[in-house]
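Colleague: Please construct the entire structure, taking both the sequences and the accompanying hints into account.
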Amino acid sequence: MKFPYSFPLTRAFSLYLGQIVFLTGETFSSIFLGRIRWRLVLNQIVEIGFGSQAVVIITGIFTGAVFTAQIFFQFNALNMSTAVGPVVSIALCRELGPVLTGLMVAGRVGAAICAEIGTMKVTEQIDALRALAVNPVDYLVVPRAVAMMISMPLLVGECIFFALTASYYIATRILNVNSVFFMQHMWFYTHTKDMVMALTKGFVFALIVVFVGCQQGLTTSNGAVGVGRSTTEAVVISSLTILMINFFLTMALNIIFPAGGKF
Amino acid sequence: MTSPAKNLIEVRDLRQSFSGQEILRGVNLDIPRGETIVLLGQSGGGKSVFLRHLIGLIPPLSGSIKIDGEEIAHLDERQLEPIRRKIGMLFQDGALFDSMTVFENVAFPLRERGERSEKIVREKVARSLELVSLEGQDQKMPSNLSGGMRKRAALARAIITEPACILYDEPTAGLDPIVSDTINKLIRRMQSQLKVTSIVVTHDMISTNYIADRVALLREGRIHFDGSLANLHSSTDPVITDFIEGRSHEID
Numbered sequence: 000m001k002f003p004y005s006f007p008l009t010r011a012f013s014l015y016l017g018q019i020v021f022l023t024g025e026t027f028s029s030i031f032l033g034r035i036r037w038r039l040v041l042n043q044i045v046e047i048g049f050g051s052q053a054v055v056i057i058t059g060i061f062t063g064a065v066f067t068a069q070i071f072f073q074f075n076a077l078n079m080s081t082a083v084g085p086v087v088s089i090a091l092c093r094e095l096g097p098v099l100t101g102l103m104v105a106g107r108v109g110a111a112i113c114a115e116i117g118t119m120k121v122t123e124q125i126d127a128l129r130a131l132a133v134n135p136v137d138y139l140v141v142p143r144a145v146a147m148m149i150s151m152p153l154l155v156g157e158c159i160f161f162a163l164t165a166s167y168y169i170a171t172r173i174l175n176v177n178s179v180f181f182m183q184h185m186w187f188y189t190h191t192k193d194m195v196m197a198l199t200k201g202f203v204f205a206l207i208v209v210f211v212g213c214q215q216g217l218t219t220s221n222g223a224v225g226v227g228r229s230t231t232e233a234v235v236i237s238s239l240t241i242l243m244i245n246f247f248l249t250m251a252l253n254i255i256f257p258a259g260g261k262f
Numbered sequence: 000m001t002s003p004a005k006n007l008i009e010v011r012d013l014r015q016s017f018s019g020q021e022i023l024r025g026v027n028l029d030i031p032r033g034e035t036i037v038l039l040g041q042s043g044g045g046k047s048v049f050l051r052h053l054i055g056l057i058p059p060l061s062g063s064i065k066i067d068g069e070e071i072a073h074l075d076e077r078q079l080e081p082i083r084r085k086i087g088m089l090f091q092d093g094a095l096f097d098s099m100t101v102f103e104n105v106a107f108p109l110r111e112r113g114e115r116s117e118k119i120v121r122e123k124v125a126r127s128l129e130l131v132s133l134e135g136q137d138q139k140m141p142s143n144l145s146g147g148m149r150k151r152a153a154l155a156r157a158i159i160t161e162p163a164c165i166l167y168d169e170p171t172a173g174l175d176p177i178v179s180d181t182i183n184k185l186i187r188r189m190q191s192q193l194k195v196t197s198i199v200v201t202h203d204m205i206s207t208n209y210i211a212d213r214v215a216l217l218r219e220g221r222i223h224f225d226g227s228l229a230n231l232h233s234s235t236d237p238v239i240t241d242f243i244e245g246r247s248h249e250i251d
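Protein chains in written order, with numbering that gives the first Met the number 0: chain A, 0 to 262; chain U, 0 to 251.
It is worth saying that the hints were derived from the structure and are not from the lab.
Heads up, some of the hints might be wrong.
[Said to hold, decoys possible] Only pairs whose alpha carbons sit at most 20 Å apart, straight line, appear in this in silico SDA-like list of lysine to any residue:
(1) Lys-5(U) to Ala-163(U)
(2) Lys-184(U) to Asp-168(U)
(3) Lys-194(U) to Tyr-209(U)
(4) Lys-184(U) to Leu-133(U)
(5) Lys-85(U) to Val-133(A)
(6) Lys-85(U) to Arg-110(U)
(7) Lys-118(U) to Glu-129(U)
(8) Lys-139(U) to Thr-122(A)
(9) Lys-85(U) to Asp-126(A)
(10) Lys-192(A) to Pro-85(A)
(11) Lys-123(U) to Ser-191(U)
(12) Lys-139(U) to Arg-121(U)
(13) Lys-65(U) to Arg-11(U)
(14) Lys-85(U) to Asn-134(A)
(15) Lys-85(U) to Leu-128(A)
Quick caveat, the model's predicted, so the values are computed rather than measured.
Modeller: Spelled out as structure tokens, the structure:
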């Protein structure tokens, strides 16, 4: 068993994964033991959830619009333009909505979390917290994690709503798809489970963004350069992890919520 | 009921190394209650590292640290919290929370320890700020304070819960002589008014002469000298005389 650990990269990866798992465990144990500062959670919901709306809405609108146009150009050639609604809707719920929201939030919130905690680390503010007998995980990580777990599914829902609104507008007003067929087919083929899948993915991506951001922040060193490096790494690691985990999550969720069917 | 230990802090054979470099090579030091001890030593000599061990910010590689008779060397973060409540620490740059005002910074330890009455919080913050001569600055953000004011605000935060012991990490470093003198007087005032045990890490001899009851010199990871201020000044040990007189043996 010595072989995989002899590679520095494997060792670094195992160590990093271990740290993330440890931080996640400590955070959830604090949450279950009720060590939640609700005032800080509300502040973070405003910061993370409310503050990310513009980014998420704009992402949703233009993704919905461009995806509708592309699907229409392909389907119209096959005389299937009324299928645009369900295809766009299912794609948005199952993939584009959660993944794009996850990536945008990783860029905006993951970076902010890491930069803030990282700056606190290099300016000894984290040590000051510890010296004042305040656990940094309880004070910094728990409120951000709870706020993200609440905000992210809502942001995903918001992204999908605006994407579908844009899709409806582009399809029916600009591309002349029959609005009744568009809506009826969309409702018929989109099920509750597609939305559940979207929200589940949003929840998982929230955990990735918050724990990678916090972990990178808490292990920052080397002053301003270190904060910059940690922040870049937080965004890169969380974005790539979202894309990779998304595949495995899709496969797993497809077993629980198979495509087609009624619900 | 057991009587409290005579020494508030007892350190035995404390060792620490970072990246293979030995910083502390067996430090032994006893600090009785109510005493102000100044820990001298060259920059980078491990003084701040030693101080951080006393509040559990760094776990020792080996050795024993007893605070109020309780061994803290192997405690985890949560077990350390009751010990940390007995000790205040003034960080080198103050380490004020830059997202909070001075008032919120100073009130922070009280609120975190469950003080719900805003009236009591306001009274205690006002008293703490008055003690460090920072009245009327409570709504300022730390970024709008000078270096000396930041240190004084941080000191107000450290003393608001009336700890039994205060650790000062280079309290006068980077300050002009007038502000340094103010800080020195504050450290003296903490001792005379609050009867706290103080451990001051510094390489400032003016500060040492003003505040110290006892002096220890940390050299090459060990306590090279431990005694009174008078003994320090009467010492003929070249290491001590060089340090006091600020003499190096580098070639010009």
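Colleague: Has the given pair, Lys-194(U) with Tyr-209(U), been kept, meaning a C-alpha gap of at most 20 Å?
Modeller: holds (17 Å)
Colleague: Decide if the proposed pair is consistent with the structure: Lys-123(U) and Ser-191(U), CA atoms, cutoff 20 Å inclusive.
Modeller: holds (19 Å)
Colleague: Is it true that the CA of Lys-85(U) sits at most 20 Å from the CA of Asp-126(A)?
Modeller: Given that 20 Å is the threshold and the Cα spacing comes to 16 Å, the pair holds.
Colleague: If you draw a straight line from the CA of Lys-85(U) to the CA of Val-133(A), is it 20 Å or shorter?
Modeller: holds (13 Å)
Colleague: Does Lys-85(U) pair with Leu-128(A) here, judged by a C-alpha cut-off of 20 Å?
Modeller: holds (14 Å)
Colleague: Take the C-alpha atoms of Lys-184(U) and Asp-168(U), compute the straight-line distance between them, and say whether it is at most 20 Å.
Modeller: With a Cα-Cα distance of about 16 Å, the restraint between Lys-184(U) and Asp-168(U) holds, given a limit of 20 Å.
Colleague: Can the restraint linking Lys-184(U) and Leu-133(U) be considered satisfied, given a maximum Cα separation of 20 Å?
Modeller: holds (14 Å)
Colleague: Would you check the hint for Lys-139(U) and Arg-121(U), treating anything up to 20 Å between C-alpha atoms as holding?
Modeller: Roughly 16 Å separates the two Cα atoms, so the pair holds.
Colleague: Does Pro-85(A) lie within 20 Å of Lys-192(A) when you go C-alpha to C-alpha?
Modeller: Status holds; Cα separation ~14 Å.
Colleague: Is the Cα-Cα distance between Lys-5(U) and Ala-163(U) 20 Å or less?
Modeller: Holds. Lys-5(U) to Ala-163(U) sits at ~13 Å (cutoff 20 Å).
Colleague: Is the hinted pair Lys-65(U) and Arg-11(U) satisfied, with a Cα-Cα distance of at most 20 Å?
Modeller: Holds. Lys-65(U) to Arg-11(U) sits at ~9 Å (cutoff 20 Å).
Colleague: Holds or violated: Lys-139(U) with Thr-122(A), Cα cutoff 20 Å?
Modeller: Holds: Lys-139(U) and Thr-122(A) sit about 19 Å apart, inside 20 Å.
In this structure, none of the earlier numbered hints is contradicted; all agree with it.
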